[in-house]
Amino acid sequence: MSLVIPTHPQTRADMVRACVHYRDGCKVADLTLDAISDVLEVDDGSFVWVGLYEPDETLLHKLQEEFGLHPLAVEDALKAHQRPKIDSYGDALFIVLHTAGSSENCAIGVGETHVFLGPRYLVIVRHGTSTSYAAARERCEKHPELLRLGPGFGLYAVLDYAVDNYFPIVEQYRNELGTIESHIFDRQFKRETIRRLYNLKRDLGRLRLAVSPLADVLNQLVRFYPQLVRPELMVYFRDVQDHVARVTEATDTMREMLTAAMSVNLSLVTAEQGEVVKRLAGWAALLAVPTLIASWYGMNFEFMPELPGRFSYPILIAVVAVLVTVLYRGLKKARWL
Amino acid sequence: MSLVIPTHPQTRADMVRACVHYRDGCKVADLTLDAISDVLEVDDGSFVWVGLYEPDETLLHKLQEEFGLHPLAVEDALKAHQRPKIDSYGDALFIVLHTAGSSENCAIGVGETHVFLGPRYLVIVRHGTSTSYAAARERCEKHPELLRLGPGFGLYAVLDYAVDNYFPIVEQYRNELGTIESHIFDRQFKRETIRRLYNLKRDLGRLRLAVSPLADVLNQLVRFYPQLVRPELMVYFRDVQDHVARVTEATDTMREMLTAAMSVNLSLVTAEQGEVVKRLAGWAALLAVPTLIASWYGMNFEFMPELPGRFSYPILIAVVAVLVTVLYRGLKKARWL
Amino acid sequence: MSLVIPTHPQTRADMVRACVHYRDGCKVADLTLDAISDVLEVDDGSFVWVGLYEPDETLLHKLQEEFGLHPLAVEDALKAHQRPKIDSYGDALFIVLHTAGSSENCAIGVGETHVFLGPRYLVIVRHGTSTSYAAARERCEKHPELLRLGPGFGLYAVLDYAVDNYFPIVEQYRNELGTIESHIFDRQFKRETIRRLYNLKRDLGRLRLAVSPLADVLNQLVRFYPQLVRPELMVYFRDVQDHVARVTEATDTMREMLTAAMSVNLSLVTAEQGEVVKRLAGWAALLAVPTLIASWYGMNFEFMPELPGRFSYPILIAVVAVLVTVLYRGLKKARWL
Amino acid sequence: MSLVIPTHPQTRADMVRACVHYRDGCKVADLTLDAISDVLEVDDGSFVWVGLYEPDETLLHKLQEEFGLHPLAVEDALKAHQRPKIDSYGDALFIVLHTAGSSENCAIGVGETHVFLGPRYLVIVRHGTSTSYAAARERCEKHPELLRLGPGFGLYAVLDYAVDNYFPIVEQYRNELGTIESHIFDRQFKRETIRRLYNLKRDLGRLRLAVSPLADVLNQLVRFYPQLVRPELMVYFRDVQDHVARVTEATDTMREMLTAAMSVNLSLVTAEQGEVVKRLAGWAALLAVPTLIASWYGMNFEFMPELPGRFSYPILIAVVAVLVTVLYRGLKKARWL
Amino acid sequence: MSLVIPTHPQTRADMVRACVHYRDGCKVADLTLDAISDVLEVDDGSFVWVGLYEPDETLLHKLQEEFGLHPLAVEDALKAHQRPKIDSYGDALFIVLHTAGSSENCAIGVGETHVFLGPRYLVIVRHGTSTSYAAARERCEKHPELLRLGPGFGLYAVLDYAVDNYFPIVEQYRNELGTIESHIFDRQFKRETIRRLYNLKRDLGRLRLAVSPLADVLNQLVRFYPQLVRPELMVYFRDVQDHVARVTEATDTMREMLTAAMSVNLSLVTAEQGEVVKRLAGWAALLAVPTLIASWYGMNFEFMPELPGRFSYPILIAVVAVLVTVLYRGLKKARWL
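Chains as they are written, first to last, in our numbering: chain A, 1 to 337; chain B, 1001 to 1337; chain C, 2001 to 2337; chain D, 3001 to 3337; chain E, 4001 to 4337.
One or more of the hints may lead you astray.
Computed list of lysine-lysine pairs in DSSO-like fashion (alpha-carbon distance at most 27 angstroms, straight line) [unchecked claim]:
| # | chain 1 | residue 1 | chain 2 | residue 2 |
| --- | --- | --- | --- | --- |
| 1 | C | K2079 | B | K1142 |
| 2 | D | K3332 | B | K1333 |
| 3 | B | K1190 | A | K333 |
| 4 | E | K4062 | E | K4079 |
| 5 | D | K3062 | D | K3079 |
| 6 | B | K1079 | A | K190 |
| 7 | B | K1079 | B | K1062 |
| 8 | E | K4062 | D | K3332 |
| 9 | B | K1079 | B | K1027 |
| 10 | E | K4062 | D | K3333 |
| 11 | A | K27 | A | K190 |
| 12 | D | K3142 | E | K4190 |
| 13 | E | K4079 | D | K3333 |
Because the hints were derived from the structure by calculation, they are not lab data.
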């Protein structure tokens, strides 16, 4: 869950991805940051949606002034590596989300999103490799009847978008589990399989830490903040809750199957080893019998009636051949070969 | 839990399996979809039961209009792959069930049923391979004294029918567990057994995910919606709750036994391997002794008193025979052979 | 937990084991079933205790009429295989218990008892191999001061009797665990031990399913039904609760020890196998040394100074004897033999 | 947890260890049992503390009369083998504690203490090998300002004393765990270690069953009985609660470490076995090479150019010596020897 | 978690690290202990912050007098080895924290801090190797607007400082886990790895016991003591709560990964052993074939056509060479060599 925080300086345009004024569910205008306080002066139920990408301290303090954000929340928003959580500061909320995004080379980049939600503003601060919330904002603009209920609907759109981004990850993990399973039931033991299994276990642990606290965040949202999240929006948040539950269930199921897979793998490895020993024993027996016989007739007694016989050697060959064949068949039948 | 969603177009007759008007617990008439709104205009406590099979979007939107269903619920009903859940929208409920049906070739087809329950309607949307709820509806019609309490009794009949369909699955899993157990205690280790064990574990996990959320669904039904589920019906819903508990208990017990079976299997495999090594060692010893003796008298010393003896060879044969016999008996007694 | 439901027809006398009228804590008279309704007509606080053994449908419907039992409860009472539970129907309760009875040949026969408790009746329906509740009824008659509090005291007596019957089972399982433990720490591995361990695990699972729901049943009894279970009786029911807790604790402890035993067993089996390999290696070494030497002097070089020597052979014998002895002692000391 | 109930008759003096009358936190007088009722007649807030050691039935019934104890509680006090619990009977409490006492020969003797607490009496019934509560009573007498709050303070002193007696046991178990750990990481596997590990697991299970129910007992004491346990005493009971939590935490931690130890032990045993096999293989290789060569020159071909050579034998010796040395070093380096 | 309690006598200056009087969020003066009661006489909302390091009994009793601390709390503060907890005594709180400090030689020194919080005082008692809270106090002095809310803010600063000190420990453990993981997936099994794994498990268990009770302590602080912890400070305490949650989550994740690592390790060790056996078997086969052939032609039959042949020996050499080469390649391909 390491975040790639860019160290090179960014321009303000890079950092402020959106700053829009909404009234009655419709976009009024794009704003400059300085215009925000003017707009908020008029108490007409309108609100401002600000989207930031890895803002620097100056920018966040600017917003702190404009919206009157709580210093502790701003401090949190400056550093990544927060747990998913919800904090309430007076009439405002500060929410931390972990976002997922499977990048091209199949590594999973995890980002963080911090949300400030007030009665008249929604500030989204994005860190790391997550995708932009422009799509979520567009979706909101298509539902003016809900967006007029205030920035809470915007929060829903952002949460829904973020949670839905977990599903491809879950799918990817499910595929990996499938691959591991098929390797495990493969005859050929591969050290690599165990390593992948272990890594998947760790990744699932991380996913769970990212997703499961959201259940609590959503629970608090639908219960305790009716002035920010209107009752009409409850069903929407509950829908997100349900998606979170699906991700959590899928994760837990996979974790459990992984444990079973480990256990099964040990059984199979042990059994395979038993097979090897059996086969080893079988071949040893097959060679030991003629070796014994050969040693036997290598003895130097003066009087061994078999030795001088004209046909002793061919008879012996025949006897050994029969013995080995019988033994071979017996071992084959008993599955020792 | 993959659902076979038919891609070929269906006629409306295929999709609408039932559309019946009930008043005072008795069937009044079969309706066309268009007639529904006319019937509901009169507030006479009557209600409409609609049964659908994999409806297309047009059809669901038609029903949305007729009954005033919530758009989010309709959106859910259009896609399969929901978790079992209960959502309340105003005075209506939307319930998702997973249904089970063991098909002929012993594979388990899982379907989904979505239920819309309003004060005056019950809409059942069936997906996948579950059996029709016609039987449940017939049962309702035999109890007009309960059906007159409203569509809640219909919901009970559907839930009861769906949950009872899990019992054959449980039975099937129990048999599979029995087979696996007997294989495990079999002397002969079979790789296949481990695979079946693993598969059963996965299937039980799925069954649990399908059934256990129903406990919560039923709990909410009997507690929070007295206007939809009349107090007189409580005992019936509690009966379903009890059936859910039985399925859950059976599943949990089997899961636990599977874990024990895995552990026992590992012990047995390891022990079996020990037996193999022992037997291998036993036979090696039995052959090593005469081999040593044969090698011994294969030495080329000029003065070995045993070699020229007239009876040395037969004596040696006798000695080896005795040694091997004694050794064989000893090893047999010590269970190394 | 299979119940032996007799298929041959029973006479009513076989099925009705008791039908007694109690007033003020004292037995008034034995009744016929038909006389029940007459007796109940007079509202004098008296009540009727009916004891049935595997009643047929006709009989149960007769009682349903006499006492006004709820149809769902009667339906449940007709089939065995219920979970332990408590259902309330209006002013009456329906309780399902699992009963235990260790039969002579050490198999454990599990029965079911269904109890209907109303303000003026107590109907006990016994299924399977449990012992008769006559003893419980006699005990009640010895405490008229408590029996006058109504049929709730009868229910206590029945529950107490049923729960106390679990203790011998627990004892039997504890002995079995002891036997398994001693076998596990035995040097000699026995396949049979693992099987017994597995069976005990299964049996304990069953016992838990039978007993642990009683905790909830009793909890509900002491909390929610003061009109049926008078406050004066609370302490008695809490005593039963305590017995249930003891059985559950004992079961859980044994289950946990079984898991540990499995784990310990695997360690011991693995270690034992290591010992076998060590000993095998030791003996192999002991034989390999003289075999090598014998092979050595079996070589056919023309010029081997040792061969023609007069005392070469005895010297060799001496050398081999010394070598083997030293090796033997060394291996013995290192515990490889 | 077997209690040694003495079967030989005891005198009443043996059984009644203390019977003291306290008023205003100070000892008034030692009483005879018969004098108790006289003393209690005067409602002056004074109370009687009775300490018994394994009383017989007659004695307990005597006390039942004097204090009006509930028959069920007296019945419980007559038999040992109760679970730790708290029962309330009207205005009185009956409490069961398990007590620990590590006797000299390192075996742990577990006793039981039953406490009857009423507004004006505290009856302590001791069973088994626990130490006398005389020390606890003396401690009470040193704090008259707390003892004047009633017998609740006496109860605190008894509980505190009993719980503190668990700490040496915990310490003893901790030492045993340390010993087992050091044995496990020892090179030499000892069967005995596994047995001790298993026994410790069982002992810890017992300790937990004895201690953990006390958390609930104390919880109820501080919450539900303000008339018996005065608010001023809350902090004292909470202190005992904290001690119980410490014992429970220590027990749980040790149980967890034991599980890890079992797992680690299996890994080490398996790995050790692998080492043995490796060493076995190494030595086998070291012997197999000269054996092969010796066999080779034991062949009887007429034309083998090496055989007649004058220096063939010493050359061969040199070759074998070099081969074996090289092999030995190679195996040593690869850690196979 | 052993504490190094210094046994040599300390001067009072060593023990009293700070004694400061704060009014309206600003430092008024450093005080002597005797001056405290004078200062507190005036009820002007000012408070006294006392910092102690391993005080002796005399000193603590002095403070008990000055602030009116509860005797039980003082008794606790005299002995180390308390669990993290919160106790309320009238209008004051007594809090026990475990503190962490990774000392230079990588061992982790654990200390304890006891806090007495009253409406007008904050007494910090430090035991063991934790760092001084001077930094926390300085931080407070920089926020007079919060410090004026009373000693609660001081408590926050101390808690925040103590919890933040756990993060380096967590980081250290995470590194250790990483090292162990890389060792486990190393080809070369190391006994030492298992020991480190076991030790890490124990250390994580200790860390959890130290940190997780803080969740409860903080929960009680923000809920139940509004007069000591002003509502304005809630968000600060919730921030600490969040840090505690992060430490706990990290610990739990690591514990879980350790269990997986143990399991994976066992699989790898077992598999490695199988590899060893396979290679052993392979080399045995490679040597057994020429040995058998050599023994064969060591037989002493008079009529063996191969023996007198002029080119028999070179032909045999060729045959053996071919056989061994083929066998070698076959085994190499089958990964037995």
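- request: Please write out, lowest number first, the hints stated earlier that are contradicted by the structure.
  value: The structure conflicts with hints 2, 6, 8, 9, 10, 11, 12 and 13, although it agrees with all the remaining ones.
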